[in-house]
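Read top to bottom, the protein sequences are chains A and B.
So for the first sequence, the working numbering puts the first residue at 1; every next one is plus one.
So for the second sequence, the working numbering puts the first residue at 473; every next one is plus one.
Treat the hints with care, as some may be off.
[Claimed, not checked] Which bits of chain B does chain A cover? Going by a derived footprint, with three or more residues having C-beta under 8 Å, they are:
| # | stretch |
| --- | --- |
| 1 | 558-569 |
| 2 | 639-650 |
| 3 | 681-692 |
| 4 | 698-709 |
Rather than coming from a laboratory, the hints here were simulated on the basis of the structure.
In this text the structure is predicted, and so the values were computed from the model without any measurement.
Glycine included, every Cβ here is placed at the ideal spot set by N, Cα and C.
Protein chains: 2
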Amino acid sequence: MIGTMPVAACEGGLIQPTASDARPLGARHTEELASFVIESVWSDLPAPVQHEAARAFLNWVGCAHGGAFHSAVEQALPALKALSGSQACTVIGRGVRLDPLSAALLNGLSVGAHAFDDAHVETVVHPAAPTVAALLAYAEQHRVSGSDFLHALMISHEVQCRLSCALAVGPAACHVGHYMTGLTGAIGVATGVGKLMGLSAKQLVWAMGIAAMQGGGFRSSHGTMSAAFIPGNAGRSGLLAAHLAANDFTCHAEPLSSPNGLLSVVGRPSYPEALTERLGQHWECMNVAIKPFPNGCLIHAATDVCLELARLHSFSRGDIERVEIQVHELSLALTGKDEPKDSYEAQVSLHHWAAAALYYGRADLNEASDACVRDPAIIALRRRIFASVASDLRPDEARASIVLQSGQRLEAQVSPHIGSAKRPLSDEQLEAKFLSQAQDHLGTERTRHLIALCWRLPLALDVGRAAPGFWG
Amino acid sequence: MIGTMPVAACEGGLIQPTASDARPLGARHTEELASFVIESVWSDLPAPVQHEAARAFLNWVGCAHGGAFHSAVEQALPALKALSGSQACTVIGRGVRLDPLSAALLNGLSVGAHAFDDAHVETVVHPAAPTVAALLAYAEQHRVSGSDFLHALMISHEVQCRLSCALAVGPAACHVGHYMTGLTGAIGVATGVGKLMGLSAKQLVWAMGIAAMQGGGFRSSHGTMSAAFIPGNAGRSGLLAAHLAANDFTCHAEPLSSPNGLLSVVGRPSYPEALTERLGQHWECMNVAIKPFPNGCLIHAATDVCLELARLHSFSRGDIERVEIQVHELSLALTGKDEPKDSYEAQVSLHHWAAAALYYGRADLNEASDACVRDPAIIALRRRIFASVASDLRPDEARASIVLQSGQRLEAQVSPHIGSAKRPLSDEQLEAKFLSQAQDHLGTERTRHLIALCWRLPLALDVGRAAPGFWG
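Modelling step: build the complete structure from the supplied sequences, incorporating the hints.
What follows is the structure, encoded as structure tokens:
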């Protein structure tokens with residue numbers, strides 16, 4: 001299966017087709033999606049979907065503050081300053097302003113830098129980082145109400161998730177080396193920004209097409225600063241696409257499912273029905289989970305099961321002979337890095353997080369640090385981690401055993417892990433995550449104030465002016 | 473064969489491997505390419521390669537003036553103005569200044585707008601539009617000598633051509649719906665700009681990687697404004713990538729040929745040896761041809777063979793019963809559009825150009841106009857054009873017969889067509905092409921002066937200041 005994304009069903013049966021259900025490639029899926037976006041009304045969204053939008057925004061702002069001084073941001077900011085003259089939009093947490101495209105790039109990069117943002121685990125797409133970055137850049141230049149903002153956010157997420165399903169969830173497949181956020185992120189963003197701009201159906205299709213023409217990115221970026229560059233670039237690309245389309249810059253009338261469009265070129269094959277099936281009834285974006293740990297979403301189950309081992313059993317670390325962890329095949333394919341050399345590589349190292357979670361009973365930003373990655377005790381434990389694939393496990397499940405030197409075996413299982421879509425972080429846990437990321441920079445009081453402002457976003461009349469504390 | 477790029481040999485035998493010659497995927501091709509770029513010295517380039525660089529530059533400037541008021545540029549410029557605050561760099565021919573990234577985008581778009589730029593026909597990559605756009609944006613901000621500029625230009629072309637060969641020339645293959653300039657353009661550009669910046673080998677590899685992470689674009693863009701957006705975006709992306717890498721923003725140490733890198737993900741399979749084989753001895757960029765006609769490079773042979781029919785034979789247009797044209801399979805796969813509705817679709821319509829060339833005995837910007845595309849006489853003749861594939865023809869070859877109502881058959885063949893790499897436009901023809909594009913805007917005298925300035929570029933001490941006439 002390595003080399004193509006494996007077959008897996010999206011929750012709720014979005015993708016359960018028979019061959020006879022499928023319309024031919026070339027049917028007007030993009031147009032149908034555009035009509036849905038235009039007709040969608042915030043007040044028609046189910047309350048849980050509306051609340052999830054507020055949670056996604058809150059998490060994004062927390063991650064933006066958490067990533068604002070990340071080394072990837074430190075390296076990117078001077079380069080973008082040199083290329084950007086305008087001061088229209090804010091780089092969150094940095095007191096710096098750039099042109100809208102560069103600000104969208106930097107904020108998306110910052111939110112993705114710790115890999116602490118969110119994930120649709122079946123397709124490994126991370127929709128919020130580019131989405132909110134682009135919407136904020138737009139909202140700093142134009143009056144946008146809080147509810148319109150959150151509506152656009154969920155539309156972007158929905159488009160990204162459906163497109164990613166069309167490429168990677170059975171019966172679709174694509175090369176596992178594609179970075180889904182790079183392929184589909186900008187298209188969702190263009191749709192969300194386009195909704196705010198009031199684009200016509202034709203313009204929305206063009207916006208999606210122009211965004212698709214900028215889509216790309218590969219998993220060879222992982223373990224480097226470029227992994228977070230991809231969501232940053234997706235936000236920038238989607239923002240530009242919407243602006244071009246608003247000005248009647250044209251693209252194909254069916255840029256996604258025509259024979260030389262995104263789905264046909266990248267899919268092996270694709271399943272374009274995922275774009276339109278039960279639109280408005282089924283919200284695939286509800287399968288986006290806010291991350292509980294700052295690492296790749298395919299490591300979450302392994303991380304959680306090791307935390308569970310540490311919670312359930314008492315053992316001395318020195319007594320561990322070996323740790324056997326079973327995970328979904330995609331998890332091992334993308335995160336089976338047993339000797340990470342720094343915090344970047346650790347983001348995609350199941351072995352590191354299993355060791356750190358077992359050792360410290362925690363999996364937070366401290367465990368993501370270079371110091372922890374290079375700690376001899378962690379390295380020693382990492383070498384005792386043995387990961388393998390179990391065909392009965394889904395991507396959000398794992399089981400593990402510690403084999404002690406005495407021969408005793410201690411076991412645990414998570415199905416699904418904490419912070420998965422089926423077992424999401426509570427609002428209180430979300431606030432605690434926000435505090436853990438922002439309070440070092442902002443202080444506790446200001447952080448709590450910012451959290452309260454985020455929760456009140458649905459009532460804001462003008463997002464760009466409602467809460468300067470978001471931007472500073 | 474449709475669906476993958478067909479097997480074809482690059483001139484001079486760059487790609488004639490046996491399986492046993494190939495190093496495994498994952499070998500350090502990118503690093504080897506970076507070392508070559510760093511060690512390359514302008515004075516070591518063969519004189520024909522140096523001269524081709526000057527020709528490429530001249531052609532680019534002519535196309536920039538020719539495209540400066542194209543409708544695609546008209547639609548894009550206001551959108552980019554709204555998003556760009558800086559005035560650092562010039563939009564050629566428009567008296568407008570934008571930030572460097574936006575200027576690179578606009579100028580690449582303008583040069584590609586009429587599809588009159590250049591082409592490496594075996595891979596259908598168009599290297600100059602993004603390259604010169606990005607190098608000029610850099611040269612407006614930094615002191616760059618003319619020879620350094622032209623050196624960087626040829627390095628960008630060479631990297632693009634080799635990468636494109638690695639993806640699309642046998643034994644490599646990829647989906648024909650990929651737009652090669654979108655996939656490989658930014659990587660070449662990043663290398664060229666990186667050479668000017670004096671990047672280290674490690675930084676150059678990162679620059680290529682960051683550029684690869686932005687690579688994309690599909691042939692569903694063709695026939696719309698987005699077709700020219702792709703080279704524009706490639707220039708912008710490569711420029712940004714070089715700046716990020718210069719600031720030690722990291723990427724994979726082997727972003728192109730590692731298992732989840734560009735070549736492995738997109739290739740079916742790829743042939744990474746094309747990146748490094750006989751580097752410095754063989755210049756694949758010498759197979760880039762400056763376009764003789766403003767249309768897709770896979771239409772050039774059909775256009776030329778129809779011009780040849782008009783030259784060789786005397787016949788009345790009303791006597792034409794049918795025209796039979798034989799071309800390479802890729803030509804028909806990508807340009808077999810028999811009812812183009814406007815000038816954009818005509819760029820990829822073999823039928824339009826065959827009809828227009830036969831009717832007018834010319835194939836210039838007039839024949840590319842909406843007026844010509846919608847002319848009833850041309851439409852009537854277009855319906856008498858019948859194109860088919862001949863397996864013995866290369867992409868730069870075609871044969872054609874006019875069948876008259878009398879039953880008489882008039883024949884012609886081009887192998888290769890005028891303006892192909894093997895039968896390039898002369899310097900004088902290049903100047904005539906430049907004049908045809910620029911003199912309406914600039915007047916004949918100023919255009920001739922600009923042509924002279926372009927030829928003198930190798931002697932310029934500071935490209936950004938040597939010739940304000942380039943920019944205005």
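Results of checking the hints against the structure:
1. 558-569: holds (count 3)
2. 639-650: holds (count 4)
3. 681-692: holds (count 11)
4. 698-709: holds (count 4)
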